[in-house]
Amino acid sequence: KAGVTQTPRYLIKTRGQQVTLSCSPISGHRSVSWYQQTPGQGLQFLFEYFSETQRNKGNFPGRFSGRQFSNSRSEMNVSTLELGDSALYLCASSLAGAGARRETQYFGPGTRLLVL
Amino acid sequence: AQSVTQPDIHITVSEGASLELRCNYSYGATPYLFWYVQSPGQGLQLLLKYFSGDTLVQGIKGFEAEFKRSQSSFNLRKPSVHWSDAAEYFCAVGARSNYQLIWGAGTKLIIKP
Numbered sequence: 017k018a019g020v021t022q023t024p025r026y027l028i029k030t031r032g033q034q035v036t037l038s039c040s041p042i043s044g045h046r047s048v049s050w051y052q053q054t055p056g057q058g059l060q061f062l063f064e065y066f067s068e069t070q071r072n073k074g075n076f077p078g079r080f081s082g083r084q085f086s087n088s089r090s091e092m093n094v095s096t097l098e099l100g101d102s103a104l105y106l107c108a109s110s111l112a113g114a115g116a117r118r119e120t121q122y123f124g125p126g127t128r129l130l131v132l
Numbered sequence: 014a015q016s017v018t019q020p021d022i023h024i025t026v027s028e029g030a031s032l033e034l035r036c037n038y039s040y041g042a043t044p045y046l047f048w049y050v051q052s053p054g055q056g057l058q059l060l061l062k063y064f065s066g067d068t069l070v071q072g073i074k075g076f077e078a079e080f081k082r083s084q085s086s087f088n089l090r091k092p093s094v095h096w097s098d099a100a101e102y103f104c105a106v107g108a109r110s111n112y113q114l115i116w117g118a119g120t121k122l123i124i125k126p
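Top to bottom, those sequences are chains U and P.
At the far end of the first sequence sits residue 132, using our numbering, and the numbering has no gaps.
At the far end of the second sequence sits residue 126, using our numbering, and the numbering has no gaps.
In short, the hints are calculated from the structure, not lab data.
Heads up, the beta-carbon is just placed ideally off N, CA and C, and yes, glycines get one too.
Keep in mind that a hint or two might mislead.
Derived contacts from chain P toward chain U, CB cut-off under 7 Å, selection only [unchecked claim]:
1) Q55
2) G56
3) L57
4) K62
5) F64
6) Q113
7) W116
8) A118
With a Cα cut of at most 25 Å, we get these calculated SDA-like pairs of lysine to any residue [what the hints assert, rightly or not]:
9) P:K81 / U:R118
10) P:K62 / U:I42
11) P:K74 / U:I42
12) P:K121 / U:P55
13) P:K62 / U:Q60
Build out the structure end to end from the sequences listed, making use of the hints.
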């Protein structure tokens, strides 16, 4: 079974631009979560989608948004990029969501975003 | 509030020596507990998990962890480390109420030759 894939793997943008990151979960997984990882803040939860619905959201500004499609693929978008948005963005998939019914999240390799 | 503490930011161990990485959690009920490993520039790989039952859990790459409810701990151990174990290790708690993982800050493992 193919793992979680994320595209692109690397991205360079300038301040003020917007960016869209993509995540394809493991086949059959309906839950997709997004995390931001930075050296200073560690791993921070962005949001989680299940069957095209956002079920939970972390403490990030509205510039961060996401969506999930009917095939469970997910995208996250960051508008009006700031220097502090430079990070590794990780996507994780599971059957029904972390913490629910003994679920395990499986992570993709991440998209490394550099904002100049 | 739910939280995970990994008290050691860095740990240096000689190759062939034993390893123990500490993880303490705060959670109102029996938690779901995980250890993940991240190699430089890579995503997170699941090492092992605890849901219930036997408190000693075996994982991949020769790792094991023990859930101790009385100490709110889930420490990761390996009897003999290899240079390839150099990475960052994250402990996490699965929060059943809101479908997210709560993460520790990570412990960076450095292997001395």
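Q: Report holds or violated for the interface hint on G56 (chain P), using the least CB-CB distance to chain U and a cut-off of 7 Å.
A: holds (4 Å)
Q. Taking 25 Å as the top limit, are the C-alpha atoms of K62 (chain P) and I42 (chain U) close enough?
A. Distance of about 19 Å is within 25 Å: holds.
**Q.** Interface restraint verdict for Q55 (chain P) against chain U (beta-carbon cut-off 7 Å)
**A.** holds (6 Å)
Q. Going by Cβ atoms only, is F64 (chain P) closer than 7 Å to chain U?
A. The hint holds - F64 (chain P) has a Cβ within 7 Å of chain U, the shortest such distance being about 4 Å.
Q) When you check the alpha-carbon spacing of K74 (chain P) and I42 (chain U), does it fall within 25 Å? A) holds (23 Å)
Q | W116 (chain P) as an interface hint toward chain U, with CB separation required under 7 Å | A | holds (4 Å)
Q) Should the hint that K62 (chain P) touches chain U count as held when the rule is a Cβ pair under 7 Å? A) Interface hint status for K62 (chain P): holds (6 Å vs cutoff 7 Å).
Q. Does L57 (chain P) pass the interface hint, meaning its C-beta sits closer than 7 Å to a C-beta of chain U?
A. holds (4 Å)
Q. Between K62 (chain P) and Q60 (chain U), is the straight-line Cα distance small enough, at 25 Å or below?
A. holds (20 Å)
Q.
The hint names A118 (chain P) as touching chain U; please verify it with the least Cβ-Cβ distance against 7 Å.
A. OK, holds: A118 (chain P) within 7 Å of chain U, min 5 Å.
Q) K121 (chain P) and P55 (chain U): Cα distance at most 25 Å? A) holds (12 Å)
Q.
Next pair to validate is K81 (chain P) with R118 (chain U); report whether the Cα-Cα distance is within 25 Å.
A. holds (19 Å)
In terms of the numbered hints stated before, the structure departs from none.
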